[in-house]
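Q: Put chains D, Y and S on the given structure of chain Z with help from the hints.
4 protein chains.
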Amino acid sequence: MHCPDAKGLVAAVTEFIAKNNGNVLALEQHVDPLAHEFFMRVEWDLENFAIPDDKIGDYFDTLIAKRNRMTWRLHFSNERLRLAVFVSKPSHCLYDILSRVQSDEWQADVALVVSNHPDHASIAASYGVPFHHFPITKDNRAAQEQTQIALCREHGVDLVVLARYMIIVGAPFIEAFPERMINIHHAFLPAFIGAKPYHRAYERGVKLIGATAHYVTADLDEGPIIEQEVNRVSHLDSIDELTRKGFDVEKITLARAIRRHLERKTLVFGNRVIVFN
Amino acid sequence: MHCPDAKGLVAAVTEFIAKNNGNVLALEQHVDPLAHEFFMRVEWDLENFAIPDDKIGDYFDTLIAKRNRMTWRLHFSNERLRLAVFVSKPSHCLYDILSRVQSDEWQADVALVVSNHPDHASIAASYGVPFHHFPITKDNRAAQEQTQIALCREHGVDLVVLARYMIIVGAPFIEAFPERMINIHHAFLPAFIGAKPYHRAYERGVKLIGATAHYVTADLDEGPIIEQEVNRVSHLDSIDELTRKGFDVEKITLARAIRRHLERKTLVFGNRVIVFN
Amino acid sequence: MHCPDAKGLVAAVTEFIAKNNGNVLALEQHVDPLAHEFFMRVEWDLENFAIPDDKIGDYFDTLIAKRNRMTWRLHFSNERLRLAVFVSKPSHCLYDILSRVQSDEWQADVALVVSNHPDHASIAASYGVPFHHFPITKDNRAAQEQTQIALCREHGVDLVVLARYMIIVGAPFIEAFPERMINIHHAFLPAFIGAKPYHRAYERGVKLIGATAHYVTADLDEGPIIEQEVNRVSHLDSIDELTRKGFDVEKITLARAIRRHLERKTLVFGNRVIVFN
Amino acid sequence: MHCPDAKGLVAAVTEFIAKNNGNVLALEQHVDPLAHEFFMRVEWDLENFAIPDDKIGDYFDTLIAKRNRMTWRLHFSNERLRLAVFVSKPSHCLYDILSRVQSDEWQADVALVVSNHPDHASIAASYGVPFHHFPITKDNRAAQEQTQIALCREHGVDLVVLARYMIIVGAPFIEAFPERMINIHHAFLPAFIGAKPYHRAYERGVKLIGATAHYVTADLDEGPIIEQEVNRVSHLDSIDELTRKGFDVEKITLARAIRRHLERKTLVFGNRVIVFN
Chain Z
782 MHCPDAKGLV
792 AAVTEFIAKN
802 NGNVLALEQH
812 VDPLAHEFFM
822 RVEWDLENFA
832 IPDDKIGDYF
842 DTLIAKRNRM
852 TWRLHFSNER
862 LRLAVFVSKP
872 SHCLYDILSR
882 VQSDEWQADV
892 ALVVSNHPDH
902 ASIAASYGVP
912 FHHFPITKDN
922 RAAQEQTQIA
932 LCREHGVDLV
942 VLARYMIIVG
952 APFIEAFPER
962 MINIHHAFLP
972 AFIGAKPYHR
982 AYERGVKLIG
992 ATAHYVTADL
1002 DEGPIIEQEV
1012 NRVSHLDSID
1022 ELTRKGFDVE
1032 KITLARAIRR
1042 HLERKTLVFG
1052 NRVIVFN
Chain D
782 MHCPDAKGLV
792 AAVTEFIAKN
802 NGNVLALEQH
812 VDPLAHEFFM
822 RVEWDLENFA
832 IPDDKIGDYF
842 DTLIAKRNRM
852 TWRLHFSNER
862 LRLAVFVSKP
872 SHCLYDILSR
882 VQSDEWQADV
892 ALVVSNHPDH
902 ASIAASYGVP
912 FHHFPITKDN
922 RAAQEQTQIA
932 LCREHGVDLV
942 VLARYMIIVG
952 APFIEAFPER
962 MINIHHAFLP
972 AFIGAKPYHR
982 AYERGVKLIG
992 ATAHYVTADL
1002 DEGPIIEQEV
1012 NRVSHLDSID
1022 ELTRKGFDVE
1032 KITLARAIRR
1042 HLERKTLVFG
1052 NRVIVFN
Chain Y
782 MHCPDAKGLV
792 AAVTEFIAKN
802 NGNVLALEQH
812 VDPLAHEFFM
822 RVEWDLENFA
832 IPDDKIGDYF
842 DTLIAKRNRM
852 TWRLHFSNER
862 LRLAVFVSKP
872 SHCLYDILSR
882 VQSDEWQADV
892 ALVVSNHPDH
902 ASIAASYGVP
912 FHHFPITKDN
922 RAAQEQTQIA
932 LCREHGVDLV
942 VLARYMIIVG
952 APFIEAFPER
962 MINIHHAFLP
972 AFIGAKPYHR
982 AYERGVKLIG
992 ATAHYVTADL
1002 DEGPIIEQEV
1012 NRVSHLDSID
1022 ELTRKGFDVE
1032 KITLARAIRR
1042 HLERKTLVFG
1052 NRVIVFN
Chain S
782 MHCPDAKGLV
792 AAVTEFIAKN
802 NGNVLALEQH
812 VDPLAHEFFM
822 RVEWDLENFA
832 IPDDKIGDYF
842 DTLIAKRNRM
852 TWRLHFSNER
862 LRLAVFVSKP
872 SHCLYDILSR
882 VQSDEWQADV
892 ALVVSNHPDH
902 ASIAASYGVP
912 FHHFPITKDN
922 RAAQEQTQIA
932 LCREHGVDLV
942 VLARYMIIVG
952 APFIEAFPER
962 MINIHHAFLP
972 AFIGAKPYHR
982 AYERGVKLIG
992 ATAHYVTADL
1002 DEGPIIEQEV
1012 NRVSHLDSID
1022 ELTRKGFDVE
1032 KITLARAIRR
1042 HLERKTLVFG
1052 NRVIVFN
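Protein chains in written order, with the working numbering: chain Z, 782 to 1058; chain D, 782 to 1058; chain Y, 782 to 1058; chain S, 782 to 1058.
So here's chain Z without its partners, still in its complex pose (with noise of 0.2 Å):
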């Protein structure tokens, strides 16, 4: 949750927690200085609460959040989400995504694997996930959308991932789901906005990669980042190892990102990510 700062905010909602039966298990609460703004994040146990989960958003909001002017959101530690991979010739993140779901590490499903490659079918069909090949062209990328966008909510899919998705992602793909799409971008951003990060990386002679995952907005390579990490290069790297390289820092960077948000630990104010411990 978060809102303006103002006095008694974070006795008002554990009060409400404790007052109706609930045992606050983990609360990290901070307020950003410069915006005034008061950001929490609250787990509790349900046990003999007194009230219903599916009243508890009523409740809330009405006693709390309303008079707070809060933007809140209430998540449930059963949940599991459902993932959309979109991936295009490389596949390493798509293996390492496939296989922590497929290894019970992470609490989702993956609904389907999206790419514009036919290649990476067999990969999908050997984890038992449906594979959908969407050709794109510049005349067919907006039509080929559509279909994407209306595929993915048939599916129920809580969360894409752009896992080295090579394609630009239109504005109404990004808008249907806000806050959830994530991208891994192959540089440590700012650094390598754009296309081949490690050509231009080679030619820079820097000494670290990196890699970015970021909520996707409508500008590329922008968005709010959720988590980065880097990998100590030398000048006997070609560029082919520093890709190779990446591929590591990319897909351990995305997974982490991955998880934080499927445990709801992330929270994007203005183009910065809140991610709780």
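Note that these hints are calculated values from the structure, not bench results. Note that beta-carbon positions come from the ideal geometry of N, C-alpha and C, so glycine has one too. Hints are supplied without guarantee of correctness; some may be wrong.
Here are the in silico distance ranges between beta carbons for each label pair [as the list claims (entries may be wrong)]:
hint, chain 1, residue 1, chain 2, residue 2, range
1, S, Leu815, Z, Thr918, 30 to 38 Å
2, Y, Thr852, D, Lys977, 27 to 35 Å
3, S, Leu815, Z, His914, 32 to 40 Å
In silico DSS-like links for lysine-lysine, alpha-carbon gap of 30 Å or less [said to hold, decoys possible]:
hint, chain 1, residue 1, chain 2, residue 2
4, Z, Lys1046, D, Lys788
5, Z, Lys788, D, Lys847
6, S, Lys1026, Z, Lys1046
7, Y, Lys1026, S, Lys1026
8, S, Lys1026, D, Lys870
9, D, Lys788, Z, Lys788
10, D, Lys1046, Z, Lys788
11, S, Lys800, Y, Lys800
12, D, Lys800, Z, Lys800
13, D, Lys1046, Y, Lys1026
14, D, Lys836, Z, Lys800
15, D, Lys1026, Y, Lys1026
16, S, Lys788, Y, Lys847
17, D, Lys788, Z, Lys847
18, Z, Lys836, D, Lys788
19, S, Lys788, Y, Lys788
20, Y, Lys977, D, Lys977
21, S, Lys847, Y, Lys788
22, S, Lys1046, Z, Lys1026
23, D, Lys1046, S, Lys1026
24, D, Lys788, D, Lys1046
25, Z, Lys1026, S, Lys1026
26, S, Lys836, Y, Lys800
27, Y, Lys1046, S, Lys1046
28, S, Lys836, Y, Lys788
29, S, Lys788, Y, Lys836
30, Z, Lys1026, D, Lys1026
31, Z, Lys847, D, Lys800
32, S, Lys800, Y, Lys847
33, D, Lys1026, S, Lys1046
34, D, Lys1026, S, Lys1026
35, S, Lys977, Z, Lys977
36, Y, Lys1026, Z, Lys1046
37, S, Lys847, Y, Lys800
38, Z, Lys1046, Z, Lys847
39, Z, Lys800, Z, Lys1046
40, D, Lys788, Z, Lys800
A: Only chains D, Y and S this time, still in chain Z's reference frame:
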């Protein structure tokens, strides 16, 4: 603060603050699921707070802490701590601490520097800090420590920093500064406990070297860990080179731990340190 | 190659290459000042090389190695190694290895997967790799290992990877694959040698967890280290959370070690691994 | 040394050393496959070397370098370089450099400290180093720089270190110290080129902050990179906190770069730095 977990604790504390006109600026709370212990750190703005500063502790103890069997500490953000820095031959941590204090990076003063060698008297002098040389032998150690304890008390020392002090400190000294004595061990504990860790790291052929800052307890190198860091090394690094590379890891690790202590963001529970953000 | 140090060794080797029309592409050499041992790795272009591939070893041995008491190995860059992957219940390293091989990230094939549990048969199957289940008891271990050795030989296995295989491997197996068996230990060795490292890391309250990939020798967790990596953890992380965070460190560390081995960039000397760049 | 690649180069150089009774201690060589350029660094023992120290350059140039169109440098391991440290208000890099030099961590001396502010005169004085205050305005900058160049020459300065010197250095100064002027930029280049990188890092919501040490060239913040490092930050960090956390990254990054230069392990080729191990 920490205490056995119960419902309503966050609400009780934050209501105490809100009712007395305080504004919570930052709060971190969690329950240890194994120990069923409640932990919390809360920072609030005292402007217009209804209870005078010197009574807050009393009121809090009576109204909140006692009835919940809480262990708690209250600190004010304008406190300035006084450090005693104990050092032997390697001087990198001493230099680092003195320069941070002199450049006002920390809200602290170095009250005195103590060494078992006379070598670093001129360093202390150049920073305008009293220097005390205590030659240590097996026979005089206990007696010298009594003098050191007295000296620290005389100088109003709040925190004793063993900044690569190669003498084992006796129980009376440790007991005189419980949770107020920090040591930097030049290894990634619990690897290489005890003497000559870089020699042993070299022999073991490790690929990373580390440093550990911990509160000092009666068991050598077994105290609760505040901070750890590592750095990459290679087969080309001699023991001297490991030692030199280790210097940077040690001074950064120790500085982070001291800062966390100065910010009052550490809480020792059993043999673990909760380090708040 | 390595041998007792002497003057003229680099010149002798590189002259051998130059006189036979080879072009040196990369060379790393150093002298261990304690052991007075010479170490070198040299890569050269075989285009128009005067000596046929299958005679190079002979010539080198006669003309250079014998007279300098050199230990040496010759590898060709088009070699493709065959891996046996041994795994117990945790599957993250298995998935990671299979997906790297399937996506041609490595110049290697997985010849077979072996497990003491039947659980991962379907993973191996989905990657088209033979799976062998060997139930292990105290009584049958030695016999089962003999079968495993035979099986590995039959499949032409070049490298045995213990990818979170929770069974202690016996001396005959280790001796059958000297410097060709890599284990991933889920701790920053020499910290937390042996069982349940994450439990012990939790109890010790460490602030970083690590993983170590090493060649397997007769002494449990004491073999020469190829690669180590760490990741930051906090007091909030339960043992389960440490374990999960550790998975990523383990799979990346193991993959880097395997790659170094595949690239023929590792050289074991005593209990240390020289890892060339 | 570097030159267009050709067969026999390593052999030619190492034979020159061996024939004159030198023993190669460490050698790194590689060929850049895009530029077809040969790069090598070789360290050898001069004990009983047949050519006197002051003739080695001559002989090498005549016998090896000229006929191979080599660019080369010869350094002796007992050289002690003289540094000029330029600094503005932030003092952390200055302290770090002075303490490393005073504790003999580096084979170097600080010849003088230069600042556009008078504030740090006492720091320099406490380390016994001459301090020169050059107030800089738009109008006097060129003239002041001429004096600074003369002063550096007078003091026999080998390396100019811009240790958080917030004045843009003009072309004549840069040309007077080609590949002998190192700057620390307080960002992970090429991200946040130019002024106020921590402010911009805050606004962009990055999850890691970085620092870059590079040789200074005519293009601001575009010079060849020697070393980069990063540190993790969070949404809780204010601009001041980013700045403070950045201090440690900056001083460590700059120190590593200076050390590499002092060890004569850097070689600039185009806009990239080869950093030998």
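Q: Would you mind marking each hint as holding or not holding in the structure?
A: So, going through the hints one by one against the coordinates:
1. S:Leu815 <-> Z:Thr918: 30 to 38 Å: holds (33 Å)
2. Y:Thr852 <-> D:Lys977: 27 to 35 Å: holds (30 Å)
3. S:Leu815 <-> Z:His914: 32 to 40 Å: holds (36 Å)
4. Z:Lys1046 <-> D:Lys788: Holds, because 23 Å separates the two Cα atoms, which is no more than 30 Å.
5. Z:Lys788 <-> D:Lys847: Since the Cα atoms of Lys788 (chain Z) and Lys847 (chain D) sit roughly 25 Å apart, the hinted pair holds (cutoff 30 Å).
6. S:Lys1026 <-> Z:Lys1046: holds (24 Å)
7. Y:Lys1026 <-> S:Lys1026: holds (25 Å)
8. S:Lys1026 <-> D:Lys870: holds (28 Å)
9. D:Lys788 <-> Z:Lys788: Given that 30 Å is the threshold and the Cα spacing comes to 22 Å, the pair holds.
10. D:Lys1046 <-> Z:Lys788: holds (23 Å)
11. S:Lys800 <-> Y:Lys800: Distance of about 17 Å is within 30 Å: holds.
12. D:Lys800 <-> Z:Lys800: Holds. Lys800 (chain D) to Lys800 (chain Z) sits at ~17 Å (cutoff 30 Å).
13. D:Lys1046 <-> Y:Lys1026: Cα-Cα ~24 Å, so holds.
14. D:Lys836 <-> Z:Lys800: holds (29 Å)
15. D:Lys1026 <-> Y:Lys1026: holds (27 Å)
16. S:Lys788 <-> Y:Lys847: holds (25 Å)
17. D:Lys788 <-> Z:Lys847: holds (25 Å)
18. Z:Lys836 <-> D:Lys788: holds (21 Å)
19. S:Lys788 <-> Y:Lys788: holds (22 Å)
20. Y:Lys977 <-> D:Lys977: holds (27 Å)
21. S:Lys847 <-> Y:Lys788: It holds: about 25 Å lies between the C-alpha atoms, which stays within 30 Å.
22. S:Lys1046 <-> Z:Lys1026: holds (24 Å)
23. D:Lys1046 <-> S:Lys1026: holds (16 Å)
24. D:Lys788 <-> D:Lys1046: Answer holds: Lys788 (chain D) to Lys1046 (chain D) is near 24 Å, not above 30 Å.
25. Z:Lys1026 <-> S:Lys1026: holds (27 Å)
26. S:Lys836 <-> Y:Lys800: holds (29 Å)
27. Y:Lys1046 <-> S:Lys1046: Satisfied, since the Cα-Cα distance of roughly 22 Å is no more than 30 Å.
28. S:Lys836 <-> Y:Lys788: Between Lys836 (chain S) and Lys788 (chain Y) the Cα gap is close to 21 Å, so the pair holds against 30 Å.
29. S:Lys788 <-> Y:Lys836: holds (21 Å)
30. Z:Lys1026 <-> D:Lys1026: holds (25 Å)
31. Z:Lys847 <-> D:Lys800: Satisfied, since the Cα-Cα distance of roughly 21 Å is no more than 30 Å.
32. S:Lys800 <-> Y:Lys847: holds (21 Å)
33. D:Lys1026 <-> S:Lys1046: holds (16 Å)
34. D:Lys1026 <-> S:Lys1026: holds (20 Å)
35. S:Lys977 <-> Z:Lys977: holds (27 Å)
36. Y:Lys1026 <-> Z:Lys1046: holds (16 Å)
37. S:Lys847 <-> Y:Lys800: holds (21 Å)
38. Z:Lys1046 <-> Z:Lys847: With Cα atoms ~22 Å apart, Lys1046 (chain Z) and Lys847 (chain Z) stay inside 30 Å; holds.
39. Z:Lys800 <-> Z:Lys1046: holds (25 Å)
40. D:Lys788 <-> Z:Lys800: holds (9 Å)
Violation of the numbered hints given earlier is absent; every hint is satisfied by the structure.
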